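**Q** As a plain string of letters, each chain reads:
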Amino acid sequence: MSFEATLSVLISTALILIIYSILYRENPAFRFGEHLLVGATVGHALVIGVFQIRDLAVIKIQSGLATGNLSDIAYIIPIILGAMIYLQYSKTYRYLSKVAIALMISVGIALSIRGLLFVNVIGQIKGALKPLTDINSIVYLIGLVCVLLYFVYEKRASDIAGPLPIFGRYLLMMTMGAYFANAIMGRISIVIGTINFLLVAPAWYLIPVALLIVAADAITRSKKNKQVIEAE
Amino acid sequence: MTFIFSALMLAMLYLSSKKTYIPQIREHPGVLAIQEAIRRAVEMGRPICFSPGTSSLYSTKYAGDTAAALTILGYVALEAARTGAKLIVGIAPPTVLPVAEDIVRSAYLVAGKPEEYIEEDTVRFFSPNQWGFATSYVGMMHREKVAANFLFGGHAAEAMVIAESGATVGAMQVTGSTNVYQLPFFLVSCDYTLIGEDEFAAAAYLSPDPVQKGVIFGQDLAKIFCVLILILGSILRTLGIDTISRFLSM
Amino acid sequence: MRTLSKYLTSAVLLVVGLVILLDFAIQNTILQRAATDLNNWAVVIGAFALGLGAYSLIVRHGRMIMRKRELWPYSVVLLVTMFVFVAMGLITGSITSSGYSWIYTTIIQPISSTLYGMNAFFLASACYRAFKARSWQAATLLFAAIFLMLKNAPIGMVISPILPAIGQQVWDLAGSTGMRGILIGIGVGTLALGLRVIIGQEKTPLGGVD
Amino acid sequence: MSFKETISRNYKQVIYAFLFIVVALPLIFPLGLPVPIDQTTRDVYDRIEALESGDVVVMGCNIGAAIYAECYPQFVSIVEHLLRQEGVKILFVDHGTEGPIFTQKALKDTDAYLRKTYGVDFVHLGYIAGGEAAISGICRDIHALLKVDYTGLTLMDLPMMVDIENAGDFTLVLDFTASADSQFWLNQAYATYGTEIAFGLTAVKVPDAYAYYTAGQIFGIIESLKGAAQYEVLIGKPGMAVKGMDAQSMAHLYYIGLILLCNVMYFTGGRKK
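Respectively, the protein sequence lines represent chains A, B, C and D. Position 87 (the first sequence) corresponds to 87 in this note's numbering; numbering is contiguous. For any residue, its number in this note's numbering is found by taking its place in the second sequence, counting from 1, and adding 1000. For any residue, its number in this note's numbering is found by taking its place in the third sequence, counting from 1, and adding 2000. For any residue, its number in this note's numbering is found by taking its place in the fourth sequence, counting from 1, and adding 3000.
For reference, chain A alone in the conformation it holds in the complex (with noise of 0.2 Å):
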């Protein structure tokens, strides 16, 4: 292995266990490592988004301006509403900047409406719509109709629903268990993908240093409650 590699592998694994530490309890070491990330991520998002203005925008209103297109020439305008944002700290044109906020929700959202309604009512709806011959699917139409109860708020009509909705909340409690256990499988994965790492050297001369540290605090820290308790 390389210098770098080697000393890539040493830095990960300390960083690993520094952040395991806060399973045994909050210390100075997972206090370094929190705010190294959130620099580290800090970081990396403006780099990110200085390459996403570049060629998303930038590039694009070059090309534009090099044959004439103005549909790559509009490009200046998210930037201008981009600059806009920043006016966010001048209390006299506060409401300027929320033109660029507006643009924002609304592609979003028209998005979300777009892709929720097209995937989640009418392909689920799609996808609930099987000929009632078995009892698996009248099960299901009966279950769905009753979950769907649960969520209808207007207080006449969920009086005419009768016990309907609360079979519903029940479906969704067992629901939410299903899928509460289902992703267990997953997390387990990653702390076996870096069990894998930390067990292959040289990452694994760091594990017994690290057990030391926490057993001497552990020691040091029952012998401090005991002069407490012997104090009092």
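Hint data in this document are derived by calculation from the structure and do not stem from the laboratory. Just so you know, not all the hints are guaranteed correct.
Said to hold, decoys possible - Here are the simulated distance ranges between beta carbons: (1) B:I1004 / D:T3154: 48 to 54 Å; (2) D:F3018 / C:V2158: 18 to 24 Å; (3) C:M2066 / D:V3148: 45 to 51 Å; (4) B:G1112 / A:I76: 39 to 45 Å; (5) C:M2066 / A:I11: 26 to 32 Å; (6) B:R1082 / C:S2098: 53 to 59 Å.
Unchecked claim - Straight-line alpha carbon distances no greater than 20 Å define the calculated PhoX-like cross-link-like pairs of lysine-lysine that follow: (7) B:K1086 / B:K1113; (8) D:K3105 / D:K3116; (9) A:K91 / B:K1113; (10) A:K91 / C:K2006; (11) B:K1213 / A:K155; (12) D:K3237 / D:K3108; (13) D:K3237 / D:K3105; (14) D:K3012 / C:K2132; (15) B:K1145 / B:K1086.
Stated by the list, open to error - Stretches of chain A that chain C covers, calculated by requiring three or more beta carbons in the stretch to come under 8 Å of a beta carbon on chain C: (16) 34 to 43; (17) 72 to 84; (18) 169 to 182.
Quick caveat, the model's predicted, so the values are computed rather than measured. All C-beta atoms, glycine included, are put in the ideal place defined by N, C-alpha and C.
Once you have looked at the hints, place chains B, C and D on chain A.
**A** Frame of chain A, contents of chains B, C and D only:
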């Protein structure tokens, strides 16, 4: 289909603004939970914290979720300003930052306590990365000893880390999300969870404009419409007719 | 000026929303181009917003360092790391350059995946703390979870083939009823809120009162 | 302070420590439990087996550090399987900033560059920013969206890319992700061009996809590490995923044990807390 739904919603909004029909909306248990959590925090003299999720304003899947969370933030900020609870808002997506700052700032202004809003401190930007955000948020909850924690909007895998740490701190946690993968975690480790649509209903319920409640009934009608289509469609399919499936594919 | 900007905001909300929604309903190349461009515009503006975040962080942590508040050395760590990443990224000019990917894979990658994996531990403590059969509803949650675990892990099959079969039944029932219901509800809720935002009825997501 | 007190005060730490042990032990000493194959995984395997010469497979990769352990074994197994198919063309696209790192790693791990010719049998397009808009662009007209591949070679110079224009030319799309881009493929490629789609997902994402699977919108799912292990068994190349499944079994038993213990304490211990 899209058209029918949209027409239903707009009609209900119009009708309730004209006060021709005012639906009776059942008391929203999530709203009660939010109020109780704030009251408890005031009694204990400890701060409350709020996260409007890690999805940006223009996220193609959770934009609606983020908007609902921001509406709820408007209510929580106003309540906090009125009752004197110290509010800390943790932000992950930078696009949400100016909006959240604006909401909280003006809530304090409306409550007549603009001096209690501290720039860059009441609304804190943590990190656009979910894990950077999660560690900061968890660290903040530990250090500030928060008494109530509100998590709304599109949270991803960091949800469990935050929710369990909130439980460790002893905060009362009210959460809501449309991210179906994270809902089970919220449900298990938090005190009250708004499942999916509950969050949108709560947002409409808490909106300062009373007319907005009309739209909750619009949502109800849309769902009842779905139920009817489901029953009718299934019966027709049993008889070998698939008109409704074809109608849906249009 | 203020009223003009208000009108402009409402107009942007409505026009942008309509363009994207119509692009879905009508097949038209101009609409399609417009929708794609608008989407890219939002990404560009979003990239600018990162500066707001960075400013907020620098001000808050700078304040901590200046006033030597408790834990201020950590703020130094944060700011220094941030500048190192930005400098490295801008100097090498690409996030796939060897220098940048070295600091990325050494710092961000292990911490993120460790935190992600940490969920497994929190799930364990949540299992022990919160999965109590306090009510019938809680019991439903609990049994569904147990059967699903026995379905997912090969060990369930080893104990008895009936267990994974029950798990599969629970799983199918959950997927076809509870999950469908939640998804449909979310679609309807997003539509209701989204329409209100687009037509300018719901103003809070834009920011506070004017 | 007695031992019992220490435990009850620090119960979380005890739970965490045992979880470490329960996961690590089977990794060091494998148990060799059998791996039953799910239908969702078999569907993907059968579809790839049925590919004909000249078919184009798009491999969407949004694997990042956080989901590496779950999705990377799936990705590698499928790349391996695709490389074995004679004459099948593979197009790699990355939706996440970290995607290129893992796609390149997979190509190296399977010796793709030695077994097939770059540009003729497979092409790596690299990371394409822009979420759904990017995927929509790929589906509509690749050459309008991109001029060069990951390494900077002109797309039109690569023999394989000359015939590929839009999603109508894709036989299959396989997307490996933990986020919404799987849905983008569904919206853009399946809804408009009818391209067949399958996902390799993290366990958390599976439920949602399962609804699409039963609705017939996607033809298969590889579920998390479990699916990866099954795929490794199917292609006869057991690797890190198969070993991980033993650890999975033990961990699941541990969780069930915790739930039972918690309820025993709850019902016997006077229902405190």
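**Q** Compare the structure with each hint and give your call.
**A** Evaluated hints:
The given range of 48 to 54 Å is respected by I1004 of chain B and T3154 of chain D, whose C-beta atoms sit roughly 49 Å from each other. A hinted range of 18 to 24 Å holds for the C-beta pair F3018 of chain D and V2158 of chain C, which are about 21 Å apart. Between M2066 of chain C and V3148 of chain D the C-beta distance comes to about 48 Å, which sits within the given range of 45 to 51 Å. Judged by the Cβ atoms, the range 39 to 45 Å given for G1112 of chain B and I76 of chain A holds: they are separated by roughly 42 Å.
For the pair M2066 of chain C and I11 of chain A, the beta carbons lie near 30 Å from each other, so the given range of 26 to 32 Å is met. Hint check: R1082 of chain B to S2098 of chain C, Cβ distance near 56 Å, so the stated range 53 to 59 Å holds. Annotation: proposed proximity of K1086 of chain B to K1113 of chain B holds, straight-line Cα distance about 12 Å (limit 20 Å). Proposed proximity of K3105 of chain D and K3116 of chain D is supported: the alpha carbons are some 16 Å apart, at most 20 Å.
Distance hint between K91 of chain A and K1113 of chain B is fulfilled; the C-alpha atoms sit about 17 Å from each other, no more than 20 Å. With a C-alpha separation of about 16 Å, the suggested pairing of K91 of chain A with K2006 of chain C holds against the 20 Å cut-off. Only pairs whose Cα atoms come within 20 Å are accepted, and K1213 of chain B paired with K155 of chain A is accepted, the gap being roughly 13 Å. With a C-alpha separation of about 17 Å, the suggested pair K3237 of chain D and K3108 of chain D falls inside the 20 Å cut-off, and the hint holds.
For a cut-off of 20 Å, the pair hint linking K3237 of chain D to K3105 of chain D stands: about 18 Å separates their Cα positions. For the suggested pair K3012 of chain D and K2132 of chain C, the alpha carbons sit about 16 Å apart, so the restraint of at most 20 Å is met. As the CA atoms of K1145 of chain B and K1086 of chain B are separated by approximately 11 Å, the hinted pair is consistent with the 20 Å bound. Chain C is given as covering the stretch 34 to 43 of chain A, and this holds because 10 residues of the stretch bring a CB closer than 8 Å to a CB of that chain, at least three being needed.
With 8 residues bearing a CB less than 8 Å from a CB of chain C, the stretch 72 to 84 of chain A meets the requirement of three and the coverage assertion stands. Counting residues of the stretch 169 to 182 of chain A whose C-beta lies closer than 8 Å to any C-beta of chain C gives 14; at least three are required, and the coverage claim holds.
Consistency with the previously given hints is maintained throughout, with no hint failing.
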